[in-house]
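Whenever a hint applies, use it, and build me the whole structure from the sequences.
Letter by letter, the chains look like this.
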Amino acid sequence: MARVGVFVCFCGANIADYVDVPQVVEEVKRIKEVKFATEYKYMCSDPGQGMIRDAIIQYKLTSIVVAACSPRMHEKTFRKALSDAGMNPYLLEVANIREHSSWVHQKDKKAATNKAMDLCRMAVAKSIANEQLHEISVPVTKRALVIGGGIAGIQAALDIADARIPVVLVERSPSIGGKMAQLDETFPTLDCAQCILTPKMVDVASHPYIELIPYSEVIELQGFVGNYKVKIKKKASYVNFKTCTGCGACWQKCPVKVANEYNMGIDKRKAIYTPFPQAVPNKPVIDAEHCTMLLKGKCGICAKVCDKGSIDYTMQDEIIEREIGAVVVATGYDMWDPTPYEEYGVGRFKDIITSLEFERMVSANGPTNGVPVRPSDGKVPKNVVFIKCVGSRDEAKGIEYCSKICCMYTTKHTILLHHKVHDSHAYVFYMDIRAAGKGYEEFVKKAQVDTGTTYLRGRVSKIYKKGDKLMVRGEDAQIGQVVEVEADLVVLATAVSAPKDNPNLARLLGISYDKYGYLSEAHPKLRPVETAKAGIFLAGCTQAPKDIPETVSQASACAAKVCGLFAGDTMKKDPMVSSINNEYCSGCQNCLNACPYGAIVTEDVAIGHGSKDLRTVAKINEGVCQGCGSCVAICRSTAITLAGFTDSQIINEIVSI
Amino acid sequence: MNYTKEIQDIAAKLFAEGKIDVFVGYRVNGFDDNQVPVLITDPQDVSKLVFTDKSVFNLVNYLKNDHTRRKRVGLVVKGCDSRSLNLMLTESQVKRENLYVVGICCEGVVDEAGQKMQNCTDCMVPDAVVSDELLGTPSGSDTLSGSYKMNADIAMLAEKPLTERAAYFEEVFENCIRCNACRHSCPLCYCAKCCIDQETATLYNGANTTSGAFHALMTWSLHLAGRCVDCRNCEKACPSHLPLHLLHKQNESVIYENFQEHLAGVVTGDRGAFYKYSLKDPDDFIM
Amino acid sequence: MEAEVKDQLVSIEKPELIAPPNWEPVIMGILCNWCSYAGSDLTGTSRIQYPPNIRIIRVPCSSRVDPWFLIKSLQTTADGVLVSGCHPGDCHYISGNYFARRRFLVTKKLLNFVGFHENRIQFSWVSAAEGPKFAKVVNKVTEDIKKLGPLHLYKKENFEK
Amino acid sequence: MKKLTYFPGCSAHGTSEEFDSTLKLVLKTLDVELEDIPDWNCCGATSAHVMTENLAYALPMRNLVLAEKLENTTMGIACASCYQRMKVTKVHMDENPELAKRINTTVVEEGTYKGTVDVKSMLQYFYEDIGVETIREKVTKSLAGLKVACYYGCLLTRPKDITKFDSPEYPVSMDQICEALGATATEFDYKTECCGASFSISNTEVVINLSGQVLAMAKESGAHAIVVACPLCQSNLDMRQPDIEKHQGVKYDIPVFYITQLMALAFGYPAGELKFPKHIVPVEGALANIGKILPVPEKVKKPIKAVEAESEDK
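Same order as they appear, the protein sequences are chains A, B, C and D. The numbering used here applies: residue 1 is where the first sequence begins, and numbers increase by one. The numbering used here applies: residue 658 is where the second sequence begins, and numbers increase by one. The numbering used here applies: residue 945 is where the third sequence begins, and numbers increase by one. The numbering used here applies: residue 1106 is where the fourth sequence begins, and numbers increase by one.
Bear in mind the hints are in silico, worked out from the structure with no lab data behind them. The beta carbon of each residue, even a glycine, is placed where N, CA and C say it ideally should be. One should not assume that every hint holds.
To be verified - Derived pair list, reagent style DSS-like, types lysine-lysine, alpha-carbon separation capped at 27 Å:
| id | chain 1 | residue 1 | chain 2 | residue 2 |
| --- | --- | --- | --- | --- |
| 1 | D | Lys1356 | A | Lys469 |
| 2 | A | Lys109 | C | Lys1077 |
| 3 | B | Lys817 | B | Lys806 |
| 4 | A | Lys382 | A | Lys420 |
| 5 | A | Lys515 | B | Lys937 |
| 6 | C | Lys1090 | A | Lys107 |
| 7 | D | Lys1206 | B | Lys806 |
| 8 | C | Lys1091 | A | Lys110 |
| 9 | C | Lys1077 | A | Lys110 |
| 10 | A | Lys32 | C | Lys1099 |
| 11 | A | Lys350 | D | Lys1252 |
What the hints assert, rightly or not - Going by beta-carbon spacing under 8 Å, a handful of chain A positions derived as facing chain B:
| id | residue |
| --- | --- |
| 12 | Cys585 |
| 13 | Ser586 |
| 14 | Asn593 |
| 15 | Ala594 |
| 16 | Thr616 |
| 17 | Ser637 |
| 18 | Thr638 |
Right under this line is the structure:
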């Protein structure tokens, strides 16, 4: 027989003015399970809580109802009071007689009192069905996985590692650095990107808490928050990094030339290569798709010239497994392919380049020694047309969103052009100039004055060739006329797009992505770095286009989240999760569809005691379950129970009034 | 429609080849020309099998039986039966490799009075959608996006004033004797233990009263919403002759018209309408 | 079948015939914890007044609401039910309210089909910020159900509480 | 022998008679028999679709329904405007069966619309159904030496979603056919610019301006002649050329051929059968280039060489 204690709060005058509290107490005393009922001015105060503690002991109560403010307010407070009296804190129910009665029925004290009584009856009825619940503690593997070694991944890895938490940093290409390593200078301060990035790259390589696994990819993630197991495929580099000194003899002698990805294909690299001189790790890898030794078995020059004997043509891909507790996804972005812009002659005219190609050209360590040139004839361009929003904000041919960074980097490009080619003139076709950010608007204003760039508001409709010039025809909406600009070089500010592999990665990690392929955050405002799957966080452009400062902030935020997650040896988790009664489960597996977290899996269990006949039933991983109850309502056999909100509890509430 | 010979041959062949342990079919009941289901385990008895337009029952129901579970079974399915089989497969209740399915391109079956059954005149999926062997000529009807035939009873009742409907159904539920024959005859009621019978039974109210019947039948029909294939096994089994199809057809019409779903069970792997959702589902009934 | 319909019509849905004087309906409000329950709390903190007929039950998510909660409520204590959850796309549990939405529509139509007035089963999306909306919803539901009068269907033999 | 349903359209009997007659010569060589749609009617171009939707769909639909009675699965259309109206109707009807049912009631005497006949422009038919290689095989008299600018106009490849043929901005099908004939297709950026067609009568100034730009760019590209596959393009560029020359003070002297005229010429038909006298701009000057050897194009300068790569080589 349940023994319920009811404690009705005055909340000063907040409740007592509109609800006849003594009458409520008298009424609940009539319920046969209620063995004790009382009232107090402030139940949440120390004396109030003391009353609860004392009554629990004195009347051997088995569950407690506090009729006061919303459970969203003080449920935790009262649960603690129960714990202090040695009672399971989940035997508490709160009747919300303030927000749901006294404050909303201030004109009718009788009705408000009646309602308060009903709310108490419901809470008593529910509490009778309450069960003792215990916080779930999930052991935590204190090691983080960071996927992607761009500035986001680097920052997250460094911040986590600085908290003395081991980090596994996985990078797909042979070197970390990402897109930022390809940039020349950064807006709005015109810092040299290399100068601020490379020290961080070196820090990563030398950090005792960071395990850098370059040239590799994540291929499998299993488990749940705090207890993930990851499989990483380390692609064969054909170079023994342990013995290689990075002297460079191999790539100097390699006879095979391949378009250089780092320089956007403007120049060539070798089949054995380091992506760029400041690469970390600064060890070459062999590009198996182009190496003649690997393809045809002839050549072997690099092995001959390597006096350390580090070249190993027989090397195989390797699968590395790590146990980790949290994941930071920082896979960055892709440049959008402007091929759909056929009216610009993309692909036909060599002198139309993308902004990242321009960036490489003007970069001091770029393929043209920092001077922009026309790809067609190598001449230095005088008139350069920059076209913004190529792909961005274009529902017909591109993508609907604003890529956020193009306005700023195009402004930067006009400055860089002006620096490198003094007698040049830049034209910028734009839709809007979006310069929201610290120092951004000032930067744009100053650039416009300093460089004398002609800004034309309007879209470009056609580019055609006239002699060796490109004629750019567009609208100048401010004078309402079609204008044509004779250009030596056209630079397209192509959109930022989600990495093509993001959907695959999302499926592999069990997180969601939006229609563009960007990974989805758990809440756009309040949980912008978490994903819906506990323990997986997002940093940088993989979530949405953003600039470097924002990327770094988000990466550091991820690090803070990871550190918070790892603060104790185990993670405490709310016990209000679902569980399955194997006997009732018919194994229809419909609940697997309904669970948004993938917390439900199947397992084979013996049908009877000692039987060898197996039956497939559902199984809930309580570490992953968030307690929404979708599966409970889906389950026809009522095999699933959600602790804290069981069918009995809810039906008790329904029938109690 | 008479496939007696073909089915006898197939069953005999399957037994001869040792492919099945039991064959589920129909036989004549022995005192009139109506038929009852039969589970044949002895190849000698194959000659008892018949199939005509009197073969009304949905034999998939026998797959949840202990005589057939974990055995290799041959069985005969009409269009509607095959849909319930499809759902059983989707919901992992039977293993396809254990079954040899003789599909029928059904021309409709008749009730005891010789009248074509209402679900047959309304039938949208006459051909078996799952089969190893198909007998008869496929109708070629569009099972995936064919236009929905509104059940005449539903349409008639929907037009009645609310009070009349309430009175009508009150009598329906009053006449229910809570024998659970509907549940036992339904191939999709395969739960290890029905929710109505569990410890929470008091919560569910399985009492033999009008309100108990109301509760049980409403819950039952909602559990079959988006899954019922309109085979009418329940109605044939009901000793009180309750018009149980009304509840199912009502749910089916709401689901079909509002959620852009296929009919239940026409696509293998396609779960019932309650186990998925679309962002385009109607929202206008919610404030 | 038409002939089978009872001749004697019970005036189940006519309040003026049955409602006792000073009768007040009971409305069972089942609210999701993250949006609607928080929204109803906000109605309270904003002191927006609404009729006292609603009894609120907290569930984690509208997807926790099994249709038989509604059936049970209507059969036992309630004259009407209101289920409220997060707006589509805002579900704290990502997709719960989408599953719930489907069930609600079918349940509502089925209950209406067997004789319950459609206004007795109502749904709303109320976000945690929509305190005023919650009051509006409760006002509307209460008004609707007052017009319909007490619910007698399938309540004749109430079982032990 | 292949068969092709043919919709001649009104201009084939008037302004573009040379298109029609040379098309028939070409198809004779390519072994294709044309079957005219019996009792065909106006496609409704340029006026119907700005007036009433119903009429704009009903007129082409009647032709489509009649064409379905013939056994061929493809309908070839010479005029770009007719092609456009027919194709738009077909695509919209196939996408929206409800609309098709409604429009069909207007032309119900002719029969029910089934959507079994595909609609193609003759250019598309040559390119997709005949094939560039087959055309190359049939050439008996190469057009080598002739440089042509292929002008597609606005309707043959656009809108992309309707035509689903070639690139809407820089199509190459006609260029490839011309190359197959032995001619050289110049790099011509104005191949899909507007010629001003609809204003031909009502606002000639627009035509002079727009067609003038097309001619200027064709000249700039080094072409001896322009090749088209649309009667309106031909008439604007050819007929208005003297006016344009007068207005701009430039002498263009660029004849405007139908693609079928050049094909017929390359297939060995005598020039006398190709109705060249119908042209306003004399064709002899351009045709005189056939057989002349083209100067070898100036070698394109070496693309920029990466500084780093050079240093490595040393």
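Task: Contradicted hints - numbers only - done: none
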